[in-house]
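S.K.: Read off the chains here:
2 protein chains.
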Amino acid sequence: MTEPTLYPESGFLRLRLDLAYDGTNFSGWGKQPDRRTVQEEVEKALGTVTQSKIDSIVAGRTDAGVHASGQVIHVDVPEGINLEEIGYKLNRILDTDVRVMNISVSPVAFHARFSALRRHYTYKILDANQVISPLHRFDVASWYRPLDIEAMNTASALLLGDHDFAAYCKFREGATTIRQLQKFEWVRDSEGYLIGDVVADAFCYSMVRNLVGAVVCVADGRFGPEWIAETLANKVRISDSLVFPACGLTLRQVDYPSDSELLDRAAKTVARREAQGDE
Amino acid sequence: MTEPTLYPESGFLRLRLDLAYDGTNFSGWGKQPDRRTVQEEVEKALGTVTQSKIDSIVAGRTDAGVHASGQVIHVDVPEGINLEEIGYKLNRILDTDVRVMNISVSPVAFHARFSALRRHYTYKILDANQVISPLHRFDVASWYRPLDIEAMNTASALLLGDHDFAAYCKFREGATTIRQLQKFEWVRDSEGYLIGDVVADAFCYSMVRNLVGAVVCVADGRFGPEWIAETLANKVRISDSLVFPACGLTLRQVDYPSDSELLDRAAKTVARREAQGDE
Numbered sequence: 002m003t004e005p006t007l008y009p010e011s012g013f014l015r016l017r018l019d020l021a022y023d024g025t026n027f028s029g030w031g032k033q034p035d036r037r038t039v040q041e042e043v044e045k046a047l048g049t050v051t052q053s054k055i056d057s058i059v060a061g062r063t064d065a066g067v068h069a070s071g072q073v074i075h076v077d078v079p080e081g082i083n084l085e086e087i088g089y090k091l092n093r094i095l096d097t098d099v100r101v102m103n104i105s106v107s108p109v110a111f112h113a114r115f116s117a118l119r120r121h122y123t124y125k126i127l128d129a130n131q132v133i134s135p136l137h138r139f140d141v142a143s144w145y146r147p148l149d150i151e152a153m154n155t156a157s158a159l160l161l162g163d164h165d166f167a168a169y170c171k172f173r174e175g176a177t178t179i180r181q182l183q184k185f186e187w188v189r190d191s192e193g194y195l196i197g198d199v200v201a202d203a204f205c206y207s208m209v210r211n212l213v214g215a216v217v218c219v220a221d222g223r224f225g226p227e228w229i230a231e232t233l234a235n236k237v238r239i240s241d242s243l244v245f246p247a248c249g250l251t252l253r254q255v256d257y258p259s260d261s262e263l264l265d266r267a268a269k270t271v272a273r274r275e276a277q278g279d280e
Numbered sequence: 002m003t004e005p006t007l008y009p010e011s012g013f014l015r016l017r018l019d020l021a022y023d024g025t026n027f028s029g030w031g032k033q034p035d036r037r038t039v040q041e042e043v044e045k046a047l048g049t050v051t052q053s054k055i056d057s058i059v060a061g062r063t064d065a066g067v068h069a070s071g072q073v074i075h076v077d078v079p080e081g082i083n084l085e086e087i088g089y090k091l092n093r094i095l096d097t098d099v100r101v102m103n104i105s106v107s108p109v110a111f112h113a114r115f116s117a118l119r120r121h122y123t124y125k126i127l128d129a130n131q132v133i134s135p136l137h138r139f140d141v142a143s144w145y146r147p148l149d150i151e152a153m154n155t156a157s158a159l160l161l162g163d164h165d166f167a168a169y170c171k172f173r174e175g176a177t178t179i180r181q182l183q184k185f186e187w188v189r190d191s192e193g194y195l196i197g198d199v200v201a202d203a204f205c206y207s208m209v210r211n212l213v214g215a216v217v218c219v220a221d222g223r224f225g226p227e228w229i230a231e232t233l234a235n236k237v238r239i240s241d242s243l244v245f246p247a248c249g250l251t252l253r254q255v256d257y258p259s260d261s262e263l264l265d266r267a268a269k270t271v272a273r274r275e276a277q278g279d280e
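From first to last, the protein sequence lines are chains A and B.
Adding 1 to a residue's 1-based position in the first sequence gives its number in our numbering.
Adding 1 to a residue's 1-based position in the second sequence gives its number in our numbering.
Possibly wrong hints are sitting among the right ones.
Since the list gives no way to pick one copy over another, a pair counts as held whenever it fits inside one copy or between any two copies.
Said to hold, decoys possible - SDA-like, lysine to any residue: derived pairs with alpha carbons at most 25 Å apart:
#1 Lys184 - Phe13
#2 Lys90 - Arg180
#3 Lys90 - Leu127
#4 Lys32 - Asp260
#5 Lys90 - Val132
#6 Lys125 - Val188
#7 Lys125 - Tyr194
#8 Lys125 - Gly12
Hints were generated in silico from the structure; no laboratory data involved.
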């Protein structure tokens, strides 16, 4: 993939698109040969509407089966394109499992990935072997035993802060795994679902699903709370069998600084990437 | 359809099943030739598990495309059947868009339809031409203009009480249209969806969707509030063009009296049906 320049080229306009998708029938965000991916569907639709080849930059590269209610991308499109009905036209072309929720002309310094301050994910669990109601079946994961909300929150709090999350990520060559976990809290909603709110500056590959698995292990009594910190310190990746499924995970929101701070933020992100390896 | 006797036959046990379904790919509850219906799928699965022919009685016969999170049925099954794993087995057989949420042996006087005190429906609308997020796409209806929640509640309150709802039902030969509308209220949830809570002793065919259409007409200023009462009084059915779509409607709950009052309630329902025509 060729990384676009930080600014749009001359004659181009930068657009921010807010997207939502049901990830069930997608092989994730990123393009792959012979797979249905969100990136390919969205870029194809943008290509049709703008009659140009469009490359997008995404805030959070979601895995196969992961959903989004607040994904953000930017694209550079030729100036002079009629922006009036572009959102409406895109939604006419796209299948109903992916929608353009909003579209706007962004400052030239806006970079969906590098300008982002933090990402918010939601993880939903239905515990105690309860049956998932069909209208919720696409974005909830099951757990067979009852989970205590206090125990979940106590275990989650142990992971907050700046850490090398290598033990809780799938390995990727040359990629840093140092992250700042800013929030990791659970509530039980009125219908009995456990809703996890997970916020970090950025996430490594498979990180939320690893963290959820670790917290459930502790809340469930399989490991003591000290196991969380020991695993972090040892940097030995936890067993795949503990990782929670993609279907429970939704990218909910991406935060950006004010327009005047966009460039500064992007510069810092790029500098950190160069110091630590690719984020 | 042959109506079963009020009590189970000798050698049979009465079961109450609580069901939930995504109505999107069903032609409603009631069996029809060459159509996929919830009744047929559930009765077939029950037939496999009990190795008997099973006829079910349902609390609310939902139309094509209407969902349920709290549908109730009763069935009579041969005594001596192993009830331990019947719910689990049914959910293994059924497709994932219909689930048995709970199963229990009910008093012999329990009748899913005639014992019911009232039915609760939810109607969801996203207004102001907003794009429906894909994970919500199956149970929400769209409206192109913004709707004021106060105006919705004011118009809805005009329909409360005992009325002949002929103007707000699809006509059915010999069926009474006298109903008691006990609750009709709207709230806007944290995600901006309008959630209508509609409760009545029972509903006529297509009644909730007619009522929602009427209320939106008034909230929207198309007709004045007096139109609601005039239409009720005139008993001339409102235009099909005003009726809201099935996809926004979910049967949420059915209320029953305590066990000792089941038979009394069923007797009253049957007596009222005979006086007023089939409900």
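S.K.: None of the hints should be skipped; say for each whether it holds.
M.R.: Results for each hint:
{"no.": "1", "hint": "Lys184 - Phe13", "in the structure": "neither (38 Å within a copy, 55 Å between copies)"}
{"no.": "2", "hint": "Lys90 - Arg180", "in the structure": "neither (38 Å within a copy, 44 Å between copies)"}
{"no.": "3", "hint": "Lys90 - Leu127", "in the structure": "between (37 Å within a copy, 20 Å between copies)"}
{"no.": "4", "hint": "Lys32 - Asp260", "in the structure": "neither (30 Å within a copy, 59 Å between copies)"}
{"no.": "5", "hint": "Lys90 - Val132", "in the structure": "between (39 Å within a copy, 13 Å between copies)"}
{"no.": "6", "hint": "Lys125 - Val188", "in the structure": "both (10 Å within a copy, 24 Å between copies)"}
{"no.": "7", "hint": "Lys125 - Tyr194", "in the structure": "both (7 Å within a copy, 20 Å between copies)"}
{"no.": "8", "hint": "Lys125 - Gly12", "in the structure": "neither (44 Å within a copy, 44 Å between copies)"}
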